[in-house]
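Chain by chain, the residues:
Protein chains: 2
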Amino acid sequence: MRKPTFAQEPIFAAVAVAVVLLLSGLIRPASAQEVLPSWNDTAAKTRIVEFVKATVTEGGDGYVAPYDRIAVFDNDGTLWSEQPIYFQFGFMLDRVKTLAPQHPEWKTEEPYKSILAGDPMGALKSGEKGMVDLAMKTHAGMTTDQFSKIVTDWFATAKHPKTGKPYDEMTFLPMRELLDYLRDNGFKTYIVSGGGVEFMRPMTEKMYGIPPEQVVGSTITTEYAIVGDVPVLRRLPKIDFVDDGKGKPSGINTFIGRKPIFVAGNSDGDYEMLRWVTAAKGPGFAMIVHHTDGAREVAYDRDSAIGKLDKALDEAKRRNWLVVDMKADWKKVFAFEN
Amino acid sequence: MRKPTFAQEPIFAAVAVAVVLLLSGLIRPASAQEVLPSWNDTAAKTRIVEFVKATVTEGGDGYVAPYDRIAVFDNDGTLWSEQPIYFQFGFMLDRVKTLAPQHPEWKTEEPYKSILAGDPMGALKSGEKGMVDLAMKTHAGMTTDQFSKIVTDWFATAKHPKTGKPYDEMTFLPMRELLDYLRDNGFKTYIVSGGGVEFMRPMTEKMYGIPPEQVVGSTITTEYAIVGDVPVLRRLPKIDFVDDGKGKPSGINTFIGRKPIFVAGNSDGDYEMLRWVTAAKGPGFAMIVHHTDGAREVAYDRDSAIGKLDKALDEAKRRNWLVVDMKADWKKVFAFEN
Numbered sequence: 001m002r003k004p005t006f007a008q009e010p011i012f013a014a015v016a017v018a019v020v021l022l023l024s025g026l027i028r029p030a031s032a033q034e035v036l037p038s039w040n041d042t043a044a045k046t047r048i049v050e051f052v053k054a055t056v057t058e059g060g061d062g063y064v065a066p067y068d069r070i071a072v073f074d075n076d077g078t079l080w081s082e083q084p085i086y087f088q089f090g091f092m093l094d095r096v097k098t099l100a101p102q103h104p105e106w107k108t109e110e111p112y113k114s115i116l117a118g119d120p121m122g123a124l125k126s127g128e129k130g131m132v133d134l135a136m137k138t139h140a141g142m143t144t145d146q147f148s149k150i151v152t153d154w155f156a157t158a159k160h161p162k163t164g165k166p167y168d169e170m171t172f173l174p175m176r177e178l179l180d181y182l183r184d185n186g187f188k189t190y191i192v193s194g195g196g197v198e199f200m201r202p203m204t205e206k207m208y209g210i211p212p213e214q215v216v217g218s219t220i221t222t223e224y225a226i227v228g229d230v231p232v233l234r235r236l237p238k239i240d241f242v243d244d245g246k247g248k249p250s251g252i253n254t255f256i257g258r259k260p261i262f263v264a265g266n267s268d269g270d271y272e273m274l275r276w277v278t279a280a281k282g283p284g285f286a287m288i289v290h291h292t293d294g295a296r297e298v299a300y301d302r303d304s305a306i307g308k309l310d311k312a313l314d315e316a317k318r319r320n321w322l323v324v325d326m327k328a329d330w331k332k333v334f335a336f337e338n
Numbered sequence: 001m002r003k004p005t006f007a008q009e010p011i012f013a014a015v016a017v018a019v020v021l022l023l024s025g026l027i028r029p030a031s032a033q034e035v036l037p038s039w040n041d042t043a044a045k046t047r048i049v050e051f052v053k054a055t056v057t058e059g060g061d062g063y064v065a066p067y068d069r070i071a072v073f074d075n076d077g078t079l080w081s082e083q084p085i086y087f088q089f090g091f092m093l094d095r096v097k098t099l100a101p102q103h104p105e106w107k108t109e110e111p112y113k114s115i116l117a118g119d120p121m122g123a124l125k126s127g128e129k130g131m132v133d134l135a136m137k138t139h140a141g142m143t144t145d146q147f148s149k150i151v152t153d154w155f156a157t158a159k160h161p162k163t164g165k166p167y168d169e170m171t172f173l174p175m176r177e178l179l180d181y182l183r184d185n186g187f188k189t190y191i192v193s194g195g196g197v198e199f200m201r202p203m204t205e206k207m208y209g210i211p212p213e214q215v216v217g218s219t220i221t222t223e224y225a226i227v228g229d230v231p232v233l234r235r236l237p238k239i240d241f242v243d244d245g246k247g248k249p250s251g252i253n254t255f256i257g258r259k260p261i262f263v264a265g266n267s268d269g270d271y272e273m274l275r276w277v278t279a280a281k282g283p284g285f286a287m288i289v290h291h292t293d294g295a296r297e298v299a300y301d302r303d304s305a306i307g308k309l310d311k312a313l314d315e316a317k318r319r320n321w322l323v324v325d326m327k328a329d330w331k332k333v334f335a336f337e338n
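Protein chains in written order, with the numbering used here: chain A, 1 to 338; chain B, 1 to 338.
Next up, chain A with everything else stripped away, as it sits in the complex (with noise of 0.2 angstroms):
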């Protein structure tokens, strides 16, 4: 037998290995960064840096097991903004626009009549039959490699109505930190969303370090079909499941199959979620935005058409789920602040 070269002997190559990492970043030393720059030294950030610190010190009670660490996040009004409209709405109405040519009907068809006349909001009064057709009229018809393309398009270029900035820069900085943190300590973080999946997927890696598989949402159903001699997935105008309230649980359970350790929500639609989760034997972590901040975002919550916050707001109090406070508790809430 031969002897073992240098990069054979097992201390050796750890080194190598060890300092391969290091370069490419895969390991962070802990004490060479702050944790959570933008939040400000309140309770709020107190509470979640003693939890995550529970969860990895190996021998205490709140140890978790790096298997066991999965954390999901919801995502419009909590890792992005969702105000005064829902992104993937925004996507709609430029849809809308560029289909337009190609559907003379919708001159005179709401809710497309109104999208059209620059008064989206006397779209909404449709109702929920109007909206779905909306959405599937803008979602569907297309393979799915070509809807990525289109998604991935419009973020490279559509604005937001209120800020001018490009949606994906409409992040919420503290809980883009959050997400690093939590990776950080071996968390495996997922999105658990009412959006559309194949609406975030092509962005989340991007925006939040998140790939694709680790995004929970609503989805259409698709059709496998041959073009030429290729095979496509189709999607149809057809809604396969709606990934909001008492569906959250359900998407987690069919897309995760196991309970998270830690959820972040901000609205009503995040109730049964955050009741599931917390629900689970062992520790458990749950936290709810508080959107408080008129200046530097919006201001809303019991009384919010969009985001509504009302009964999860009086269940914190009893189930001791943390909300933060976005004026108190953040330093920023968005990166390109001053």
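Incorrect hints may have been included.
[What the hints assert, rightly or not] Below, computed lysine-lysine pairings styled on DSS-like, alpha-carbon distance capped at 30 angstroms:
1. B:Lys238 / A:Lys129
2. A:Lys308 / A:Lys165
3. B:Lys311 / A:Lys281
4. A:Lys162 / A:Lys125
5. A:Lys188 / B:Lys281
6. B:Lys238 / A:Lys281
7. B:Lys246 / A:Lys137
8. A:Lys53 / B:Lys188
9. A:Lys246 / B:Lys149
10. A:Lys149 / B:Lys246
11. A:Lys149 / B:Lys281
12. A:Lys188 / B:Lys188
13. A:Lys238 / B:Lys137
14. B:Lys281 / A:Lys206
15. B:Lys246 / B:Lys308
16. B:Lys188 / A:Lys281
17. B:Lys206 / A:Lys188
18. A:Lys246 / B:Lys137
19. A:Lys188 / B:Lys149
20. A:Lys331 / A:Lys308
21. B:Lys206 / A:Lys281
22. A:Lys137 / B:Lys238
23. A:Lys206 / B:Lys331
24. A:Lys246 / A:Lys281
25. A:Lys137 / B:Lys137
26. B:Lys129 / A:Lys238
27. A:Lys129 / A:Lys238
28. B:Lys137 / A:Lys281
29. B:Lys137 / B:Lys125
30. B:Lys149 / B:Lys137
31. B:Lys188 / B:Lys206
32. A:Lys188 / B:Lys113
33. A:Lys238 / B:Lys149
34. B:Lys281 / B:Lys246
35. B:Lys331 / B:Lys308
36. B:Lys308 / B:Lys113
37. A:Lys311 / A:Lys327
38. B:Lys311 / B:Lys327
39. B:Lys331 / B:Lys311
To be clear, the hints were calculated from the coordinates, so they are not data collected in a lab.
Since the structure of chain A is already known, use the hints to place chain B on it.
Just chain B, lined up with the frame of chain A:
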């Protein structure tokens, strides 16, 4: 500023980390292990190894970034045996016997009457309607947590009807080695099976090193409910999604959200998945496990009621998919063989 301590000095911290990783087996020095030891040194093994080597060789034509190294495996007949009956069918038969005292009507109703009379093949005569009813009666009506326990308990005691071995020993050793080999080379491994996702998930980590969130399968509808003050998910007697045939590409798209670069199957139920994965741009590898070994397992293909392999076998030649000949290419089929 204080001088960094030993533990804070990056290179020493790196060594410590690397040693811990080595000790915990997370990093296996590639040179220390023979690759795919239960595979004979035939062309099949060579093709697999050459593909994987090309995938990890930076700068080469076949290089694929770790992020995109997704591999999907059918389960029945690809990772574990499927003859003479699907494991899940065996589970259903045992569930009927367990539940029979609560269902006196089953003594005269098919397919239950035949099952209770020890004639499971007779039960098949009740056709698809009977089989769906059987699946729903045995898989629904409980919470997800309860079902998980029922499955785990069944695997702990049930025996394979032909070998008498526990079902979890009926996995193909060369395929488990292939899963390990791919993961050692940065692949993320998934199951994409026609079987029920919640029938597989309690076992896949132990059997294959695949966590629940990397199992794609058929699903039934679940419903959020509060029992006492505790939220649960109830399994309803309603099929949600069938992850077989044309459903498999849709299942991959819904659960994973991007195209794998490696796919393994064994029957015509995998045909569309094989086509879809290999139609992606860039490198892609498809393989079929061909059941040619009547001595160590079961020999079957074109005429089999279970795991029929006909169209996909013809297409394999045309499309250069690797057909693995179990008899010729595998040294061992099961780990328990002498």
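We went through each hint and held it up to the structure:
Distance restraint check for Lys238 of chain B and Lys129 of chain A: the Cα-Cα separation of roughly 25 angstroms lies within the 30 angstroms cut-off, and the hinted pair is therefore satisfied. For the given pair, Lys308 of chain A sits about 24 angstroms from Lys165 of chain A by alpha-carbon distance, which is consistent with the 30 angstroms threshold. For the proposed pair Lys311 of chain B and Lys281 of chain A, the alpha carbon gap of about 48 angstroms is over 30 angstroms, so the pair is violated. Restraint check for Lys162 of chain A and Lys125 of chain A: the C-alpha separation of about 22 angstroms stays at or below 30 angstroms, so the hint holds.
Under the criterion of a C-alpha separation no larger than 30 angstroms, the hint pairing Lys188 of chain A with Lys281 of chain B is consistent with the structure, at around 29 angstroms. Under the criterion of a C-alpha separation no larger than 30 angstroms, the hint pairing Lys238 of chain B with Lys281 of chain A is consistent with the structure, at around 28 angstroms. Restraint check for Lys246 of chain B and Lys137 of chain A: satisfied, since their Cα atoms lie roughly 24 angstroms apart, inside the 30 angstroms limit. In summary, the hint linking Lys53 of chain A to Lys188 of chain B is supported, as the alpha carbons are separated by about 28 angstroms, within the 30 angstroms threshold.
Taken as a hint, the Lys246 of chain A and Lys149 of chain B pair is honoured in the structure, with Cα atoms around 23 angstroms apart against an allowance of 30 angstroms. A hinted pair counts as satisfied when its Cα atoms are at most 30 angstroms apart, and Lys149 of chain A with Lys246 of chain B qualifies at roughly 23 angstroms. Simply put, Lys149 of chain A and Lys281 of chain B have alpha-carbon atoms about 15 angstroms apart, close enough for the 30 angstroms limit, and the pair holds. About 14 angstroms separates the Cα atoms of Lys188 of chain A and Lys188 of chain B, which keeps this hinted pair within 30 angstroms; it holds.
Proximity of Lys238 of chain A to Lys137 of chain B is assessed by CA-CA distance (about 28 angstroms); at most 30 angstroms being required, the pair is judged to hold. With a C-alpha separation of about 21 angstroms, the suggested pair Lys281 of chain B and Lys206 of chain A falls inside the 30 angstroms cut-off, and the hint holds. The suggested pairing of Lys246 of chain B with Lys308 of chain B holds, with an alpha-carbon distance near 15 angstroms, which does not exceed 30 angstroms. Only pairs whose Cα atoms come within 30 angstroms are accepted, and Lys188 of chain B paired with Lys281 of chain A is accepted, the gap being roughly 29 angstroms.
Between Lys206 of chain B and Lys188 of chain A, the direct Cα distance comes to roughly 20 angstroms. Compliance with the 30 angstroms bound is thereby established for this hinted pair. Between Lys246 of chain A and Lys137 of chain B the CA atoms are separated by roughly 24 angstroms; this keeps the pair inside 30 angstroms, and the hint holds. A C-alpha spacing of about 24 angstroms is found between Lys188 of chain A and Lys149 of chain B, which places the hinted pair at or below 30 angstroms, so the restraint holds. Between the alpha carbons of Lys331 of chain A and Lys308 of chain A the distance comes to roughly 24 angstroms, so the proposed pair stays at or under 30 angstroms and holds.
Annotation: proposed proximity of Lys206 of chain B to Lys281 of chain A holds, straight-line Cα distance about 21 angstroms (limit 30 angstroms). For the proposed pair Lys137 of chain A and Lys238 of chain B, the alpha carbon gap of about 28 angstroms is at most 30 angstroms, so the pair holds. For the given pair, Lys206 of chain A sits about 45 angstroms from Lys331 of chain B by alpha-carbon distance, which is inconsistent with the 30 angstroms threshold. Pair hint Lys246 of chain A plus Lys281 of chain A holds up; C-alpha atoms about 20 angstroms apart against a cutoff of 30 angstroms.
For the proposed pair Lys137 of chain A and Lys137 of chain B, the alpha carbon gap of about 39 angstroms is over 30 angstroms, so the pair is violated. For the given pair, Lys129 of chain B sits about 25 angstroms from Lys238 of chain A by alpha-carbon distance, which is consistent with the 30 angstroms threshold. Proximity of Lys129 of chain A to Lys238 of chain A is assessed by CA-CA distance (about 13 angstroms); at most 30 angstroms being required, the pair is judged to hold. At roughly 28 angstroms between alpha-carbon atoms, Lys137 of chain B and Lys281 of chain A fall within 30 angstroms of each other, so this suggested pair holds.
Our distance criterion of 30 angstroms between C-alpha atoms is met by Lys137 of chain B and Lys125 of chain B, whose separation comes to about 17 angstroms. Of the pairs offered as hints, the one joining Lys149 of chain B and Lys137 of chain B holds, with about 17 angstroms between alpha carbons and a cut-off of 30 angstroms not exceeded. With a C-alpha separation of about 16 angstroms, the suggested pairing of Lys188 of chain B with Lys206 of chain B holds against the 30 angstroms cut-off. For the given pair, Lys188 of chain A sits about 47 angstroms from Lys113 of chain B by alpha-carbon distance, which is inconsistent with the 30 angstroms threshold.
For the suggested pair Lys238 of chain A and Lys149 of chain B, the alpha carbons sit about 34 angstroms apart, so the restraint of at most 30 angstroms is broken. Restraint check: the Cα-Cα separation between Lys281 of chain B and Lys246 of chain B comes to about 20 angstroms, which is no more than 30 angstroms; the hinted pair holds. At most 30 angstroms may separate the alpha-carbon atoms for a hinted pair to count; Lys331 of chain B and Lys308 of chain B meet this at roughly 24 angstroms. The suggested pairing of Lys308 of chain B with Lys113 of chain B holds, with an alpha-carbon distance near 28 angstroms, which does not exceed 30 angstroms.
Proximity of Lys311 of chain A to Lys327 of chain A is assessed by CA-CA distance (about 21 angstroms); at most 30 angstroms being required, the pair is judged to hold. Distance hint between Lys311 of chain B and Lys327 of chain B is fulfilled; the C-alpha atoms sit about 21 angstroms from each other, no more than 30 angstroms. Straight-line distance between C-alpha atoms of Lys331 of chain B and Lys311 of chain B comes to about 27 angstroms, which keeps the hinted pair within the 30 angstroms bound.
In this structure, the earlier hints numbered 3, 23, 25, 32 and 33 are contradicted, and the remaining ones agree with it.
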